[in-house]
Amino acid sequence: MEQPAVKTKQPAGLWLLFMTELWERFSYYAMRSILILYMVYLLQMDKSGASNLYGTFTSLVYLSTLLGGFLADRYVGQKWATIWGGLLIAAGMFVMSAPTVAFLYIAMGLIILGNGFFKPNVVAIVGQLYDKNDARRDGGFTLFYMSVNIGAFFGPLLVGHLAQAGNYKAAFWIAGAGMLFGLATFILGYKKFLPGKGLAPKEKPTFYKDPALWAIALAVPVIALYMKGFHGISYVLFAVLAVAYFAYTKKAKRAKTETAQPLTVQEKQQIAVIGILAFFSIFFWTAFEQAGAALNLFAYEYTDRVISLFGHSWEIPANWLQSLNPLYVVIFAPVFSKLWIELAKRGKEPSTPGKFVVSLWLLSLGFAVMLAGAFALVGNAKIGLFYLAFTYLFQTFAELCISPVGKSMVTKLAPTRFVSLLIGVWYLSNAAANKLAGVYSGYFGRISNVQFFLWLVVVPLAVSGILMLCMKPIKRWMHGVH
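If you use our numbering, the sequence shown corresponds to residues -18 to 463, in order.
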């Protein structure tokens, strides 16, 4: 029997979604790269409060994807969720240009909700372009991931000079315009390149009887209380939301199967591994996410950003350094992909928890560079750009050892009927880490730079040591999954 020919050309719809995602990430990272500077130096917020708010905002950006994806699957479909999300994000960028704290809260709320609708549903439409066993699927998602980093690279570069000159209004308008451009690309190209993709389900649950909608209604005061600083109450509501999400998703998963088979011992142990590694990843991302707040402030206050070329000197904006990580990812992601393959051929590829350990070592090494820079600060002196450049380089190496590996680990270990639920666990760990990152960034300027970076060297090393001690039982519970 003749085998069907393997398709090699990517579907045209991928390139439409590539450009849509590129412009959304351009918009988000342009805003993110100047947000802490905007709050501290224009709105005159204290660094601790601004860093806490920044962490709250970025954590809710992650959490909102759970709700946005849920609503799209059950009610509106991915197409309209993407459109609504893009409009909310653009509106948030424009509102943020009004230089008051009140409008800042409103803008953050709009961006959080917009991201929740936009981000998971663009990814879902990408998945709909391929059959389950389509050989082009992995390559397509790799190309799509490149759009994220290209947008993240150019966003800070285009708004940097405006922010440095104090023209934050124009910077946020550029971010909003970028989102609208991406949204227009999606809408104009949808009929030709994505016909029938991302449509609403034909059968929808009764609106007022759906527990998910009550959870979403509860999310509104969670966001408001978080933003206004009532963290004690909001933590309780957050816990209620998390429990409701997992309980409801588990029930829905079981309802889809004819018989709700109990978990085997092996499945329970593999799920435990996901939870354990998700917990350890919180320490990684808490340190890694210092980039948007503490390291951004350090670049502004303590880094000599003057570059001399051809007899001319000029100072690069502090937020431009935020473009280094996505640039490094674009350059080195193929290198790491090939490295794992070559090591696997020789039987020397580290296990998944082994890669987590390596990522923590590299992260610690990156902050050791910053610790050396902190020791070099004497009086009013500033340190060279290369300190941050090398820190971001080591952080990127660390990221490439944990970020794609972690998501892959979840899909390999999770029982088929609980994959979505356990991917939610992974995203929740990211959300928790972003919040903790903001809390720790709040100590920047309150303790010495040496103390600040010393903890970021020591803690990842200590956590890696604990993970190494747990390595044997973790590998045993993985049951042969590498």
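FYI, nobody ran anything at the bench for these hints, they're computed from the structure.
Watch out, some of these pointers could steer you wrong.
What the hints assert, rightly or not - Beta-carbon label-pair distances, calculated as ranges:
{"hint": "1", "residue 1": "Pro182", "residue 2": "Ala(-7)", "range": "23 to 29 Å"}
{"hint": "2", "residue 1": "Gly446", "residue 2": "Trp61", "range": "45 to 51 Å"}
{"hint": "3", "residue 1": "Tyr424", "residue 2": "Lys(-10)", "range": "48 to 54 Å"}
{"hint": "4", "residue 1": "Val287", "residue 2": "Arg327", "range": "26 to 32 Å"}
{"hint": "5", "residue 1": "Val316", "residue 2": "Ala79", "range": "16 to 22 Å"}
{"hint": "6", "residue 1": "Asp112", "residue 2": "Phe367", "range": "57 to 63 Å"}
{"hint": "7", "residue 1": "Ala79", "residue 2": "Val420", "range": "25 to 31 Å"}
{"hint": "8", "residue 1": "Pro182", "residue 2": "Leu442", "range": "46 to 52 Å"}
{"hint": "9", "residue 1": "Glu323", "residue 2": "Thr245", "range": "40 to 46 Å"}
{"hint": "10", "residue 1": "Leu169", "residue 2": "Gly360", "range": "52 to 58 Å"}
{"hint": "11", "residue 1": "Leu124", "residue 2": "Ala353", "range": "49 to 55 Å"}
{"hint": "12", "residue 1": "Asp285", "residue 2": "Ile312", "range": "44 to 50 Å"}
Treat the numbers as computed from the prediction; the structure is a model and nothing was measured.
Ideal Cβ positions, reconstructed from N, Cα and C, are used throughout, including at glycine.
Results for each hint:
The hinted window of 23 to 29 Å between Pro182 and Ala(-7) holds, with their beta carbons roughly 25 Å apart. Restraint check, Gly446 to Trp61: a C-beta distance of roughly 49 Å satisfies the suggested window 45 to 51 Å. Under the hint 48 to 54 Å, the C-beta atoms of Tyr424 and Lys(-10), about 52 Å apart, fit the expected range. Checked against the given bound of 26 to 32 Å, the beta carbons of Val287 and Arg327, roughly 46 Å apart, lie outside it.
For Val316 and Ala79, the Cβ-Cβ distance of about 44 Å falls outside the hinted range of 16 to 22 Å, so the restraint is violated. In this structure the supplied range 57 to 63 Å is violated for Asp112 paired with Phe367, their Cβ-Cβ distance being about 48 Å. The hinted window of 25 to 31 Å between Ala79 and Val420 holds, with their beta carbons roughly 27 Å apart. In this structure the supplied range 46 to 52 Å holds for Pro182 paired with Leu442, their Cβ-Cβ distance being about 49 Å.
For Glu323 and Thr245, the hinted distance range of 40 to 46 Å is not satisfied, since their beta carbons lie about 35 Å from each other. Taking the beta carbon of each, Leu169 and Gly360 are about 57 Å apart, inside 52 to 58 Å as hinted. Taking 49 to 55 Å as the suggested C-beta distance range, the pair Leu124 and Ala353 does not conform, at roughly 38 Å. For the pair Asp285 and Ile312, the supplied restraint of 44 to 50 Å is violated, since their beta-carbon distance comes to about 25 Å.
The structure fails to meet hints 4, 5, 6, 9, 11 and 12 from the earlier list, while all remaining hints are met.
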